[in-house]
Structure formats: C-alpha cells, structure tokens
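K.L.:
Construct all of the structure, not just a fragment, from the sequences and the given hints.
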Amino acid sequence: MNFRRFGATFGVEFRHSFQRPLYIMLAMIIVFTAYGLSSGGMQISSGDSQVGGTKAWITSEFAQTQTMTYLTLLFYAFFLAASAGLTLIRDRETKVDAILHATPLTPGEYVWGRYLAVIAGFVVLLLLQALTSALFNHVVPNGSANEIRGPFAWGNYLRPVLFVGLPFFLFFAGISIFVGEKSRNPVLVFVLPVAALLVCGFFLWTWAPSWLDVRVNKILQLVEPSGYRWLNETHLKVDRGVEFYNTARVPYDALFWMNRAWMLLLGLGAVFLTQRAVAASLAGEAVGRSRRGAPANAVGAPVEATLADLHMRTSPVGFLGAVRAVASIELKELFRQPGLYIFAPLILIQALGNALLAFGAFDTPILLTPGITAVAVANQISALVCLLLLFYTVESLERERTTGLAPLLYATPVRTAAYLFGKALANSFVAATILFASLVACVIALLVQGTVPFSIVPYILLWGCLLVPTFLLWTSFVTAVYGIFGNRYAAYAVGFGVFALTGYRAITGKISWAANWPLWGVMRWSDLGFYETDRAALVLNRVMVLGAAVFFTALAVRLFGRRERDGVRLLHRLEPAPLFRTVLGLLPAAIVPLTCCAALAFMVSQGMEGGAAKKLRKDYWAKNLKTWLGAPLPDIARADIRLDLKPADKWISSKGTLTLVNALDTTLTQIPLTGGLHWEKLTWTLNGKPYKPDDRLRLYVFTPPAPLA
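In the numbering used here, the protein residues as written are 1 to 709.
Please keep in mind that the hints were generated in silico from the structure rather than gathered at the bench. Honestly, I wouldn't trust all of these hints.
As the list claims (entries may be wrong) - In silico lysine to any residue, SDA-like type, Cα no more than 20 Å apart, as pairs:
1) K689 - L673
2) K182 - K55
3) K237 - L220
4) K55 - R149
5) K332 - R401
6) K182 - T106
7) K218 - A208
8) K626 - G676
9) K655 - V701
10) K182 - R276
11) K623 - D694
12) K615 - R698
13) K182 - T403
14) K95 - T106
15) K182 - L340
16) K692 - W679
P.N.:
Next comes the structure, spelled out in structure tokens:
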C-alpha cells in the first residue's frame, strides 16, 4: 500500500464529509441533544433520590454510557449508513471511479481510504458530542440542574466514546460500505439501520420478562449491537445505590468485550470483502474491454424509408396519462429492487413477535383483540414507513439524475405535477406493502391466541383514517425538501433531522397535538367508543396534516427544478416582488394547516396540561396552600350526593348536602372547601339558605353566622 495515494483518497473523502448537509445536520442534532440532556432529561433511577438524598448525576460515566448506547442507534446509525454505504455508489454515479481506477490507485487504497475517512469524520462528531456535553453540563449555567451535576472528569465522556461508540461505528460503516458495493442499490444500504432499529428498539431493549432464562438473556446481550441491553441487564436493573452510579466506572466484563469483538471482526471483515469486490469488478471490466471487438458490419444494403412509412403518431400527453406512465415505470422499478422483499418480512416478524410476546401486569399474557393489535404496532408502522418513504422517495427523485436521463425527461411536455404525483403514487405501494405485512402479522397473532375473532374495522379506522394522512404529509414534505435543495444528501439530512427531533420530543413527552404529525404515543383503542375524549383534537390534527400535505405538494411543484440551477436566476427570484408573488401564490394552501395548528395550540394551552392550567395550579398553591395548609377542618358526619351522568354529552351534574360536625377542641370560624378546576355553574346553601362563599381561586371559604363549636 502506498501511503501517499492512501492519504490522498483519505483526505479528499475526509474533507468532503464536512461539506455534506447530512454531516452538518447530524452535528446540529448532537449539539441540541447535548443541550437538552444537560437539563436532566435522562437520569438513572435510584431509591436514594426518591427520598430526598443524593440524586443521580448526568455527568457520571454510567449516565454518559447510557446516553451513548441510545444515540448510536437512534441518530448515528442512519447517518453512518448513508455516508459509508453511498460513498462508492456516489463515485460510480458521478463517473469519478473511472478516473480514479485509471490511476495507480489500488482497490485496497481506494476502499480503505474511503472507509477510514468516513470513520474519522464520525469520530470528530463523537468528540463534538463529548465536548458539547461537558460544556453544557459543567460550564453553561443551569440552576435547575445543579443537583444532578457532578465533578468534571474527562474519562466519563471519553470512555463511552472509545468503548461503545467507536466499535459500533467500525461495524456499521463496514457492513454499509459492503452492502453498497455489492448491491449498488442505495435503498438496500438502509436495511441494516432499519433492521437494527426494529429488533433493538422494539424487542432487544424492552423484552426481558422475569421468566426468561439467564443464558438466553446473555445471548441477547451478546448480539445486541448498541450495548444498551448489556448495560441495563447487568448494572442498571440491580440498583446498587446512587453513590455507586455517580462515582464508579462502568465495570466492563467478558460478555461486553465479546460483543465488541464480533462487531469489530464483522465490520473490518466486511471492508476486506468490499476491497475484493472492487478488485473483482475492475478485473471483470478489463477483461470485458479486451474481448470487446469492433461491431460487425451490417449485412445487406441499407433500406431507405421515410418517416411516414414508420406510421409514427404523436398526441398531447394528458395529466392522468402522464401520471399513469410515470407510476407504472416506478412500480416496475420497485418490483425489481430487493428492498421490499427484505423490509416486509422483517416488519412482519417484528410485529408478530411484539404481539405474541406482549405481557401485562405480573408477566401475564395480554388478551389480543383487533383493536389492541392495531394500536400495538401503530407506532412501529408509522416510524418505519416514514423512514422507508424517505429512502424510496429520495432515490426515486434522484434516479433520473444519476442515470443521465434527467435532461431528456425534463425536456418532455410531461407536467411537473404529473411527474411528482406519479412517483408519489408508486412509492405509496411501499406503505401499502408494509401495512399489509403488519396486517398479516396481526391476523396470525389473533389466530395463534384463538380467543377473539378477527375484525377489519379497527385497522381501517386506526391505520386507514389516522396513519395514511401521516404518510401523505411525509412524502410531500420529502419531495418539497428535495425540490428546494436538489440534492440527495440535503434531503436525507433534513428528513433525518425532522424525524429525529420529532422522536426526541415524543420520547421526552414534550410533543403536543399541534406538532404530533405522526401521532406517536396517542393512539388508544376501546371497543366501547372511538376516541370519545380526544376526537376533536384528533380530527383537527388529521385535517392539519392533510392540509400540510397539500401545501408541501404545491411547494414541491413550484420549486422542483427541471433546469440547471443558475445563481443569477435564483437571486432574481429572491427579490422582494417575485418572492412576494411566490408566497402569495402558496398562501391559500397554507391557510388550512395554519388554522388547524393555531386551534390545536390554543386547545392545548387551555387544556388540563396547558400553560393556563399550570398557571392556575401555581396561583392556587401560592394563594391557598401557603396560607391554608394544615388549617383545622370539621368532620363530615353525613353526605347525600346525587349524580347525573350523560356520557354522550361528556356532562356530569352533582347535587348534595354535607353535614359537618366539629370534633376539635377549638372553635371553627371559617371552613375551607377545595373545588375542582372543572366545576361550573355552582350554587351553594349554608344552613338551608343561599350563600356565596369567598372564592379564592377554587378554594371556597365559608364563614358561618355562628362559629362551629
């Protein structure tokens, strides 16, 4: 290996990493995540902190290791797969490989230079994560997090990077670059991160019933790549006290090192196989060129003919005809790609396993019904279909550019709306396939349990009415982002960024109806009624999502570039008058989603967990609990209450009489009564006469005419 040539190919790829939108977006996500975690969003539970003792530090090595095991799979896996898996594919698409292989550069220098450059770029991100975490945890003032900050130690941040993050990167990058070279299919590059998220996020991280054999549990710890299951099962489930977690290092055992060893062997071995595949490909191309002779002379004299003799006909291309033509071509391409044949069985097995292995209280099996199974896999379906639609939509829009067909296709009279709609219609087959695979899994689970008969109604209501608008919005959003940037990596960066931000807010419980476009964590099912409580918010949310899909579709049609980008033309478009006309033209499409979003935001703000309710509870505490806490109270000798319930109207009425007696040694001159925040249209009587108590923010204070002795 010539180190000068190796350094050249390494340096080009390494410098190019910092210019990719994908890399920049991940760096921003890391910084924002470090800031969010510094406030104490993630802690290690321990009995000591629950009784007012020392709390778990987010700066400890245990806390940082736990964070690293999460982030490697949730954030880094997809970005790493895109960077490593597409690097050789990008060279082939841009014809750079032909130039590189015409030089003395060997396959080993080429492959290992690209691979190690990607690893080095992501190691920089790991160091950025450690640096920003230390900065926000120890330097940036945050009074609310003082109790969960410990002393600074670089080892607490660097050891998780070295032992957890780096082996994961070597493994994932190696497998991704191998899959990219062997398949030469960008969609297949994302099989590994999707499969890892499926198996780990919905099975290996959470499934650990009490009856599970210890040997099986250790095998699962051995094969889980992020290290979270090993950390959780070995150290976190057995509470050793908060002092241990705050001050001790993570004691890595033989099982952990075996886990890291097989990952390193597979990752580096995959790079060696990639090197051999590139060498074999180059040898095959050389043999093919040497055996390729001059074309044989045509036999016979050429036949002269006019265009009229060919019976050629032309006709205007209608909108529906163009949509049908584009969709049929895209569907044929989908059927030729092996992605769906891999993703669909993976999701079927995962959904089936989650349904059959679901346990409730006391590790008892959950009684499966169609509604319960539909809700159980809804979050998985929503997340996975959105990821798959991101991959398939971007690669579908990129295909014409990479194959060189774009100048011909964009010059045809096919309208941009028909072109984009045809591709979206074909890519919707991906969502339909995943939904069908999930439905098959649910049917099998119901048949295996054999208790409740199958019904299609819950699936139509939950998946058809609620999830389909999510897929429409996501597809239109990804198309609009690609139309704005015209770049595969920028589309992936923005898509992954929005997906990760939404997931982070959903996991931390900070997402509301106004921003929960995928409906994560809100689906419930009851055979007694369909969303009786949240129906208004749900309808507004779905109308908002459909309206946003229309808006992003209009934006994509307007901004999708069919010409080469011209900087001068772009500056002209950004002038006030053209920009105002563009915004004015898109305004009608934005009215519906903005109106629904504003209505939902107002409902959330005024709801039981909104800002108004929180302020009311805070004011109640300040005005009443501080002055009336511990006040002497009479006993209730008799209570006669009458309740009128009207569930259909969400209405309850109560009327009653309380007979109070004073069993204390002191005389009571005032009687406080705590009222509910939901009480309306109140009327009171005291000793049988109408009375108006002192209303102190829902604390009603009664002053009897004569003290209660």
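K.L.:
Would the hint linking K689 and L673 be met if the CA-CA limit is 20 Å?
P.N.:
Given that 20 Å is the threshold and the Cα spacing comes to 18 Å, the pair holds.
K.L.:
With the threshold set at 20 Å, check whether the alpha-carbon distance from K623 to D694 stays at or below it.
P.N.:
Roughly 13 Å separates the two Cα atoms, so the pair holds.
K.L.:
Below or equal to 20 Å on CA atoms is what counts here, so check K182 against L340.
P.N.:
At roughly 17 Å apart (the allowed maximum being 20 Å), L340 and K182 satisfy the hint.
K.L.:
Quick one, are K55 and R149 close enough, alpha carbons at most 20 Å?
P.N.:
holds (9 Å)
K.L.:
Holds or violated: K218 and A208, Cα atoms, limit 20 Å.
P.N.:
holds (11 Å)
K.L.:
Would you check the hint for K655 and V701, treating anything up to 20 Å between C-alpha atoms as holding?
P.N.:
Answer holds: K655 to V701 is near 19 Å, not above 20 Å.
K.L.:
Holds or violated: K237 and L220, Cα atoms, limit 20 Å.
P.N.:
Holds, at roughly 16 Å.
K.L.:
So if I understand the rule, the pair passes when the alpha-carbon distance is 20 Å or less; does K182 with K55 pass?
P.N.:
Violated - the C-alpha atoms of K55 and K182 are around 51 Å apart, more than 20 Å.
K.L.:
Is the straight-line distance between the alpha-carbon of K692 and that of W679 20 Å or less?
P.N.:
holds (15 Å)
K.L.:
Hinted pair, alpha-carbon criterion (20 Å max): K615, R698. Please report holds or violated.
P.N.:
holds (13 Å)
K.L.:
Taken at face value, is the distance from the CA of T403 to the CA of K182 at most 20 Å?
P.N.:
Distance of about 18 Å is within 20 Å: holds.
K.L.:
Take the C-alpha atoms of K182 and R276, compute the straight-line distance between them, and say whether it is at most 20 Å.
P.N.:
Cα-Cα ~11 Å, so holds.
Hint 2 alone, counting from the list given before, is not met by this structure.
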